[in-house]
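Student: With the numbering used here applied, the sequence shown corresponds to residues 182 to 532, in that order.
Errors might be hidden in some of the hints.
As a list, the in silico DMTMM-like pairs of lysine to aspartate or glutamate whose alpha-carbon atoms are at most 20 Å apart [claimed, not checked]:
1) Lys356 x Glu424
2) Lys510 x Glu529
3) Lys367 x Glu424
4) Lys488 x Glu260
Hint data in this document are derived by calculation from the structure and do not stem from the laboratory.
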Amino acid sequence: MRRAPVSDLGLRTGAPAMFIVVVALALLVTSFPSHGQQPAKVYRIGWLGVGGPVPTNADPHDCPMKDPGWQAFREGLRERGYIGGQNLSIECRWTAGREEQAASIAAGLVSLRVDLIVAYGTALVRAAMQATNTIPIVMVAVIDPVGRGLVASLAHPGGNVTGLAYTAGVEIAGKRLQLLKEAVPKVSRVAVLAYAGGPPNPGYRRETEAAAQALDITPQFYEVRDPNEFEAAFGAMTKARAEALLVMPSPSFAFHAKRLVDLAARSRLPAVYPGSYHAEAGGLIVYGVNEPDIFRRLGLYLEKIFKGANPGDLPVEQPTKFDLIINLKTAKALGLTIPQSLLLQADEVIQ
């Protein structure tokens, strides 16, 4: 039987026809997965945080979309090809500033079998460690993770924890007190407000006392375990005739930034704060790590772990970029004139 020529099948003969046939076959083959081929993995992250600005519906499962750190975190992931709804899923949980809830929340994330947990602050990292010793934990906003027993060393963390630590030491305490002294040259008694509800940090008092002595300042220490104690603490400051305020770093203080700033204003206390939350709330002086830079770098850790790196082998990083923010509106309300020499040092001046 005579075979029909290619032209009888509705195709032109020659090289163009062969090209069409090859392309059609290639499309047909690639439209079906090969035997044993698996779909692209979707990585599931558990986000354990204090919440930042509370979501409008106050749902503890909602991600803190307006939080600058959260936005930088997502940007860092996108830069490395991890995109929500495509190859990434994030389960957000937050404590709303109540660290005693961290243990049960961390256990809930572990039960979801997430691939990795990002935990904010010492208490939340510790809660995640108690919930799992196998799921990788990437920490952020932790001061002195070695001294607090979270990692064996910065160079070789060991275990299932790594991430980014905040700088601790007399240098940071001294810098904040120095800025306060420049803004209020005659200050001699400074109230130091610390959060005592989480794991102890015995070094902070020693470091602050050393920095204060060098600046001829007498520190007055106040510790709170619950936001309900804020009012009493500020009342005690007034009674002790404190002339200014140093607020120590704490995830709880970040969550309650607006309340702390308002109490300082009501008590007529010039204050220096550790983070950007306090600047947004109207704090006089903020000196601390550039949080968007830190949170963006989290993506590097996640990428390495997703590609098979052991978290215990990834060195813990410390920040290299710090921001100084000064609020002139708050200064005016307190009757202060900020020296030009201090304004020139600022990364941002709020008018």
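Student: For each hint, tell me whether it holds in the structure or not.
Tutor: Status of the hints after comparison with the structure:
no., hint, in the structure
1, Lys356 x Glu424, "18 Å, holds"
2, Lys510 x Glu529, "13 Å, holds"
3, Lys367 x Glu424, "9 Å, holds"
4, Lys488 x Glu260, "16 Å, holds"
When the structure is compared with the earlier hints, no violation turns up for any of them.
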